[in-house]
Amino acid sequence: MMSSPAIETTKPARGRTFGRVLEDHLPYLIIAPAILILLLVGLFPLVYSLIVSFQHITMTENDTSFAGLMNYAELFKDTRLWAALGHTAIITVIALPLELLIGFLMAQLFIDRMPGRQLFVALLVLPTVISPIVAGATWRLMFDVRFGPVGQILSFLAGEPVRILWTVNPAYVYPAIIICEVWQWSPFMFLLLLAALSNVDQSQLEAAELDGASYLRVLRAIILPAIAPVVAVACLIRGLDLVRIFDIIWALTEGGPGSMTETISLYTYIQGFSQFETSYTAAIAFLVIALLTVITTLVLKRMELAR
Amino acid sequence: MTPTLLPSRKTRILALRYVGAIALTLLFLFPVYWLFMISFKTPDEIYHVPPLWVPGQIQFSNYYVLFKDGDVVAIANSLIVAGTSSIVAIILGTLCAYSLARFGTGGENLAMWIISQRMIPPIAVVFPIFLIYVYFGMVDSFFGLILLYTAFNLPYVIWMMRGYIVDVPMELEESALVDGLNRWQVIWKVVFPMVRPGLMATSVFTFVFAWNDFLFALVLTRTEVITFPVQLTHYFGGQSNFWGKIAAMSVLGTLPIFVAVTVMQRYLVRGISLGAVKG
Amino acid sequence: MADVRLSGVHKYYGNVHAVRGVDLVINDGEFAVLVGPSGCGKSTLLRTIAGLEDPDQGTIAIGGAVVNDLRPRERNIAMVFQNYALYPYLTVKENIAFGLRARKTPEIELRKRVNEAAEMLGIGGLLERYPRQLSGGQRQRVAIGRAIVRKAELFLFDEPLSNLDAQLRDEMRGEIKRLHHEITTTMIYVTHDQVEAMTLADRIVLLRDGKIEQQGAPLELFERPRTGFVAGFLGSPSINLIPAKLASTDNGISAVFENGGTLALPASRVSSLKGMEGRPILLGIRPQHFSRATGGALREGVMSYPATAELIQPTGTRTLTTIKIGGVDAIAELQAHDVESHGETIELAVDLNRAVLIDPASGEVIS
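Chains as they are written, first to last, in the numbering used here: chain A, 21 to 327; chain B, 120 to 398; chain C, 6 to 372.
Each hint should be verified, as a subset may be incorrect.
[Stated by the list, open to error] To give a feel for the contact side, a few chain C residues facing chain B, derived at Cβ under 7 Å:
hint	residue
1	A55
2	L75
3	P77
4	M84
5	F86
6	Y94
7	K98
8	F103
9	G104
10	A107
11	R108
12	T110
13	A354
[As the list claims (entries may be wrong)] Straight-line alpha carbon distances no greater than 30 Å define the calculated DSSO-like cross-link-like pairs of lysine-lysine that follow:
hint	chain 1	residue 1	chain 2	residue 2
14	C	K117	C	K98
15	C	K98	C	K216
16	C	K117	B	K308
17	B	K308	C	K109
18	B	K308	A	K321
19	B	K187	B	K308
20	C	K98	C	K156
21	C	K250	B	K308
22	C	K98	C	K109
23	B	K308	C	K98
Because the hints were derived from the structure by calculation, they are not lab data.
Being a predicted model, the structure only gives us computed values, none of them experimental.
No residue lacks a Cβ here, since even glycine has one placed at the ideal position from N, Cα and C.
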């Protein structure tokens, strides 16, 4: 069969013990439990939801007949839904650049070594790891018109009593939410950008310095391209978080006044758990997933292009 | 140039940076300070106009009330749920990650599907999960919540641990295989000690995620397994906020996180950036 | 006893055919070096012997027993890796003892063997340290120690010295050779470095594109390469390959270069080259086979050839001199003061007795 040197060999019987079988199938055995759970708790509800979104189930009726695209068509007529999407967009579009900018400035402050830097970084990061519900509650205390320090400080600065109902006055609810959001998440940006900035090739910076390049030029030509991938990832992670913002709003305004700060997550929650519009809620969920998928894909595409 | 007694330019910049750093830190930590401080105030001090920036004396009655009324059970529930689900997610997720990293099981597609699970917004699945849980009678049960958080954290654990495992030189494992270990022993005696720091960091993050979650807990708990964020919202209500309770409960719910994260400083960047930045 | 026999071994990685039918016998106690350029399949072959890769075809036998179905741990082999593969969380002692612990060796025996090995390698004082506290050379010793204590039938080395700096590499090379003299176990050693191959091997197995190009004792391969590739791979600097044509002359056969220059081939070659006149060849002359003509009579087969030194690189005892021969660049390794400056024209003595004639079409050596 094979042209081989004539050799006398003994062929030991292949042991087929139980342990050996376990080892043979190890790659699949160890991956199975996790995948099973993900299918059960991750994929199954999605599939179930997809089916439900094509049915007529509401609080009062368990009508599982085929509804076609009715629920999806309904989405386009639902002004409260589009308002909620608008609120979400406003918060995202304002908070994200603010967090990025503040995070970048903070990182600039700490980029050069200084004694005690570790301690500062550790302290500054604390808001990020707090439960968003706690963050919301904290700012609710801070913003309180009578017993909170924010009004007190503003009054002191203005030299006259300032009375702002932060979580009730339509003019101030968004600033309140965004202040809380930016307070909690700028440190997140700070941490990532600090890491990214420390990884910028020092020899390039030194070469630029020798060439007498101005700071702005160095920033544009060396620093920004070097940290761009991290910025993209940070924005993606934060962007996705912002689009599904729920906890902070729940704690601060509960969507109010009226439905003025109702975000898409809050609206979906209300449709599901207050109105029990089962099928319609499922349709909203898929709208949200579709939106997020599009955004994520676009961002990832651009990142790949930039590479 | 004659030597001057003025501080050099470098020193002045450093001093300015310290001023900036301290101001920034005070600004960001002030709300945290406020929360802590309120938790030690008496009702009179809490509802004092203008607000008092320091409590008259440190007293623990706000905490005492939480213990007396049994509200701290929520903290215990959170510990059980977040702790157990983290341990399960870490064990199952790390094994899964090993399979992905070393055998490429399921190829790139499986790995991408797993991370995409992480991207799915909770709000999109919470309602169907609720319906399914109602059907199976798992609402307001430890098992239900632990299973949910395990599933919720698995993609994160798998993604992070895959990164840490890929960083372990293959030769270490091969050397052990030649030296007499089987694959299971290699995982336990070589891979595990090599990734232990990453494993600890990842555990802390999974714990924090489960600990901080509000939406799932809100929907899937009633009375038996209420976690601390849900308990906290029970104190909100119109103008009659129980501020002392809110503050005390917040502090109780925040301290473990502070401790855990401070210990894990070194891995913070990699952890919160989903491994995109090694830090 | 542990000889190693491979027959018809093939290995694919997807579409890449990494090992293409290797038949090889390595005798008990032999030091075999698998050598070749990167991507030639030498590491894959070694890993297949170790059981870290399964061959797609063919059999592997160690000590007379086919081991295809055996796990690495069941093959009674020890392996030293390029990056040392030391466990950073274990002390040197525990690193060395790792394989013994895996095999549940009694503590007394374990300690004895670890101490023996450490003594042998001169790392007795480092046993309580951690790998990060060691230098590269010390780490490599620990890695070797880990293999020695196993008292395996077969030692495998996968480029163990390539992470060390030049001086340390020379030193460790000597140690490995000494080790083989002391423990006389069969060893298979993979390297891309022809110097390591020449100095260490009892048998060199030169691989190219997944096949054995030639195997044999080092000097056999060096002096009697079967192909131009072998001639070019072994020896430093590389052999000079000069395009020429064979032509009949009054008293024999000459190599005629493209620029018209000629070198008469020794009389001993004439009979074997008969009838090949007019054929193109590559004339292979090693740099060491050039010398400066002293003006005296030249030995049989040594021809003189005038050349201009275009570039000189003194290395101390020797001076590498780039010359033009037959219109192409060639390197001659001359004595230190044979040539002093660029542009100097000198008379070279070319030893054609040891020249290699290669058929440019097939790459094979014309014997």
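Results of checking the hints against the structure:
no., hint, result
1, A55, "holds, 6 Å"
2, L75, "violated, 12 Å"
3, P77, "holds, 5 Å"
4, M84, "holds, 5 Å"
5, F86, "holds, 4 Å"
6, Y94, "holds, 5 Å"
7, K98, "violated, 15 Å"
8, F103, "holds, 6 Å"
9, G104, "holds, 3 Å"
10, A107, "holds, 3 Å"
11, R108, "holds, 5 Å"
12, T110, "violated, 10 Å"
13, A354, "violated, 50 Å"
14, C:K117 <-> C:K98, "holds, 11 Å"
15, C:K98 <-> C:K216, "violated, 40 Å"
16, C:K117 <-> B:K308, "holds, 23 Å"
17, B:K308 <-> C:K109, "holds, 14 Å"
18, B:K308 <-> A:K321, "violated, 41 Å"
19, B:K187 <-> B:K308, "violated, 47 Å"
20, C:K98 <-> C:K156, "holds, 16 Å"
21, C:K250 <-> B:K308, "violated, 65 Å"
22, C:K98 <-> C:K109, "holds, 16 Å"
23, B:K308 <-> C:K98, "holds, 16 Å"
Checked against the numbered hints given earlier, this structure breaks hints 2, 7, 12, 13, 15, 18, 19 and 21; the rest are met.
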